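K.L.:
So the chains spell out like this:
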Amino acid sequence: MVATTLAHTWEDLAGGPVPSRRMEDWRFTDLAVLTAIEPRPWSGGDPLASLQLPAGVSRLTDAELDVVAGQTLAHTGCDGHWPVRLNAHASPVRLGLRVAAHTASQPLALQFDAGDQGELLAVHLVLQLEPGASLQVAQRVSSTGVGVVSLVCEATLAADARLDWGLVAQGQTDAALLGHLAVVQAPGSALNLTAVSAGWGLSRLEPRVFQAAGAAHTRLRGLQWVDDHQLADTHSLVRFEGPDGQLDQLHKTVAAGAGRSVFNGAVQVPQAAQRTDAAQLSRSLLLSDRARVDTKPELEIVADDVKCAHGATLSRLQQEELFYLQSRGIAADQAARLLLAGYCQDVLRELPAAAAGWQPLAKQLLEP
Amino acid sequence: MIRPDAPVLLEVRDLRASVEDQPILHGVNLTIRAGEIHAVMGRNGSGKSTLSKVLAGHPAYTVTGGTVTYQGQNLLELDPEQRARIGLFLGFQYPVEIPGVSNLEFLRVATNARRQQGGAAELDTFAFEDLVRERLAVVQMDPAFLERSVNEGFSGGEKKRNEILQMALLEPVVAILDETDSGLDIDALRIVAGGVNQLASPDNATLLITHYQRLLDLITPDHVHVMAAGRILRSGGPELAHELERIGYDWVDQELALAEVG
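Going line by line, the protein sequences match chains A and B. Under my numbering, the letters of the first sequence match residues 1 to 368, in that order. Under my numbering, the letters of the second sequence match residues 369 to 630, in that order.
Chain A on its own, in the form it takes in the complex:
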């Protein structure tokens, strides 16, 4: 049910003070865009009213959800995080889905739009993939004006399950997105998570993936685009709790205008996680002197027999590339858009077909 009243302040609503920049995890992330909005309950009706479940996917009952909701958040250590508590206290729309063992479901599309009435749309999604199950999810969260989206997603992948998950987050300068994506993977499972975020005044995404006994594949792709005075922050954490796990992570940023981009990529390889093979790359493109990028890999490696590579690059549009295109008759602004589209392409092409159809970054890449 949708609440009829909310607390007067975000602090009251979440039951704890709004994170400040004195906290290490929020050092670069100012929540001013969020706190400028008064917390107001969602009145836009049931966002799941038109939900159509594809073959192979079944919906958990409320009783089942009461049992499993929160388990993955606890396992990945974020149940106490402020955005997660805010979600829990905001009477979220809850959706629990299960893919039965050895079932390959049809693609699932989920769309949540916070509108422009300055309301809080809270969504709590639980995905359960039984052994050998596979699921492709195209998920869109958006806001067309002032609004707040609180997104908490939990996914558990049993042995040999496969989840291809594309999240497209398209916001507005007066809108805020707080998202947690918590995943626990059993051995033999594969996660392919691609998150694209653009346009939000404030966007904070926290993918947290735990390989509960190692020996799983995790592939993370992220792309965030900031312009004007927007701020996008991705704090990712991948933890290997057993041996032979693999991670392939690429995070890309485009920072234009006076935009700010933050990436913090934590990878934890404790003693039990021998023969882990992890690679993380953060690439940032600065389009303006007023934009700012803070990027930080955070590798905690205890096991000794591991391969862990990380790298970070920061660049501008290359004059030689621009000149090459111009020398073929392509106008400077179109040449720049082609180069930017090319830069974004290796993340965008990983999105499931339905998500690509939403044309993330169309505003940034196609409009003159």
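I should point out that these hints are in silico values taken from the structure, not numbers from a laboratory. Watch out, some of these pointers could steer you wrong.
As the list claims (entries may be wrong) - Which bits of chain B does chain A cover? Going by a derived footprint, with three or more residues having C-beta under 8 Å, they are:
id : stretch
1  : 422-436
2  : 461-468
3  : 474-483
4  : 616-622
On a predicted model such as this, the values are computed, not experimentally measured, just so you know. Quick reminder that beta carbons are idealized off the backbone N, C-alpha and C, glycines included.
Dock chain B against chain A, hints included.
P.N.:
Using the frame of chain A, we list chain B on its own:
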């Protein structure tokens, strides 16, 4: 093909240019008429690549004096893209790799920019594919290269073929080919030179920038110019290239020293 009455396509007069406040060109003069093939030869650092980049409008180079007239208009006041659209083409010595941008899409956008300038209709994806497949034959290029990112992971020879393919699509009036022969084995060189010969016509002109005679064995120039210290020191016919091959460039230093004294 030399025809004294052929229209002048490109007229360079006392062209001076610098990069990062360092003067490189010290007064270049060059007249190119329709139907002609010119070769500019010279050692590394003589200014020949700078000349090609200045003509194409590279932003890193500043023109500090002189004029360039292209088909009667002041070329130097045009942006690089405008120069390309009216028919000036630069084949790059080091074609640039552009990850994520499909070669086919790049070629289509470039071809349409040139066509629009000439008043022709834009080609849609299908019409363009027909055209590009036909032009691929000019450089014997595998269509698979169309599906890849622009020049990304191409060998040296494939990159140069891709340059000539662009030339075949853009149908330039004046094509400047900067060290197109560098890094090519003899088979690739033959294919690239064959492409250039096929595209040469009485209505257009080609300016080859090269170090070596071997390209000129395959493309016979009408005029050969020797460049040194940012100017053209000597001009002649194809025999000048052969002479250079025989005697090298050492005489250049003597001639420059004399010029200093004089």
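K.L.:
Against this structure, judge whether each hint is valid.
P.N.:
Taking the hints in turn, this is what the structure says about them:
no., hint, in the structure
1, 422-436, "holds (count 5)"
2, 461-468, "holds (count 5)"
3, 474-483, "holds (count 5)"
4, 616-622, "violated (count 0)"
The structure fails to meet hint 4 from the earlier list, while all remaining hints are met.
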